[in-house]
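S.K.: This is what each chain is made of:
There are 2 protein chains.
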Amino acid sequence: MSTQAEGPSTDQREIDERWMREAIAEARRAEAHGEVPVGAVLVADGAIIARGHNLRERAQDPTAHAELIALKAAAARSRTWRLSGVTVYVTLEPCPMCAGALVNARVDRVVWGAADPKAGATETLYSIGSDERLNHRFEVCAGVLADECGSLLTDFFRRIRAARRGH
Amino acid sequence: MSTQAEGPSTDQREIDERWMREAIAEARRAEAHGEVPVGAVLVADGAIIARGHNLRERAQDPTAHAELIALKAAAARSRTWRLSGVTVYVTLEPCPMCAGALVNARVDRVVWGAADPKAGATETLYSIGSDERLNHRFEVCAGVLADECGSLLTDFFRRIRAARRGH
Chain A
1 MSTQAEGPST DQREIDERWM REAIAEARRA EAHGEVPVGA VLVADGAIIA RGHNLRERAQ
61 DPTAHAELIA LKAAAARSRT WRLSGVTVYV TLEPCPMCAG ALVNARVDRV VWGAADPKAG
121 ATETLYSIGS DERLNHRFEV CAGVLADECG SLLTDFFRRI RAARRGH
Chain B
1001 MSTQAEGPST DQREIDERWM REAIAEARRA EAHGEVPVGA VLVADGAIIA RGHNLRERAQ
1061 DPTAHAELIA LKAAAARSRT WRLSGVTVYV TLEPCPMCAG ALVNARVDRV VWGAADPKAG
1121 ATETLYSIGS DERLNHRFEV CAGVLADECG SLLTDFFRRI RAARRGH
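As you go down the protein sequences, you meet chains A and B in turn. Note that this note's numbering has the first sequence beginning at 1, numbered continuously upward. Note that this note's numbering has the second sequence beginning at 1001, numbered continuously upward.
Hints were generated in silico from the structure; no laboratory data involved. If you're wondering where the values come from, they're calculated on a predicted model, not measured in any experiment. Please note that the accuracy of each hint is not assured.
SDA-like, lysine to any residue: derived pairs with alpha carbons at most 25 Å apart [what the hints assert, rightly or not]:
| id | chain 1 | residue 1 | chain 2 | residue 2 |
| --- | --- | --- | --- | --- |
| 1 | A | Lys118 | A | Glu31 |
| 2 | B | Lys1118 | A | Glu123 |
| 3 | B | Lys1118 | A | Asp147 |
| 4 | B | Lys1118 | A | Val140 |
| 5 | A | Lys118 | B | Ile1049 |
Could you build all of it, start to finish, from the sequences and the hints given here?
M.R.: Written out as structure tokens, the structure is:
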């Protein structure tokens, strides 16, 4: 039984880790197709309303990141572009395109796993999502199951480099 | 006959204005459907390879900005996500989502009309596109037919406000 002090945050962490495992499952689907393993799920009212995984190579679409695919699917399902009340779980910190799309979609909260030193746009390189000048802000929760999310990527790129060396 | 000093830049300006007029025609298509009038065309090797106009309300898609629609169409047509050699003409300065997508698509050059004080992400609020930390940069040419591009928007919003007042 948890104490009152740690109760709510522990509960929220458990909930966040549960949904992040679903985002990781999406990332593994990307990997199974030879794509960089990044996955996302969108949650509203305690249920997944959309899923997405990186499909850039298979779709040959520069916008086919996990978050954008899931946002489009959620909007189509909800029949509205305004995704208020939605929490986004994604294994990698969103890039500027995806962070901007999350602002445009008016999501409430973004939970991500591994930081992206090269393109992270909610904390690492930019703080899109907490910029008071833009017309919407969302809560960011960084680093949920970060090691597992990051290992997916480092293992993927290690295998690619090994394959290129002929191993 | 132009002098050598003004020759190339005058030529480029004429070319840019020619394609921007096509982007304005796209913006008018958005307007005809009651959408905020923003339009884009993508040009490669002296020809339009894709067009797009804002469709957010009709599509109920938070990502359905002119640039994203045109980028996806160009990638589908070219059968590659890598749109090197492409110049993007858009009537309004790209938002963070669209500026990020233009980086992800590796376009060469972005020419825009009116600045966006609320969300402009290649010059006004952010300089995505000239950020050395990201893995691609593009040339930005701002303010081409700016008055015409901006008037489309101010006239549109003026009509909406008048309609709301019952005029």
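S.K.: Taking the hints in turn, state whether each one holds.
M.R.: Hint by hint, here is what the structure shows:
no. : hint                   : result
1   : A:Lys118 <-> A:Glu31   : holds (20 Å)
2   : B:Lys1118 <-> A:Glu123 : holds (21 Å)
3   : B:Lys1118 <-> A:Asp147 : violated (37 Å)
4   : B:Lys1118 <-> A:Val140 : holds (22 Å)
5   : A:Lys118 <-> B:Ile1049 : violated (30 Å)
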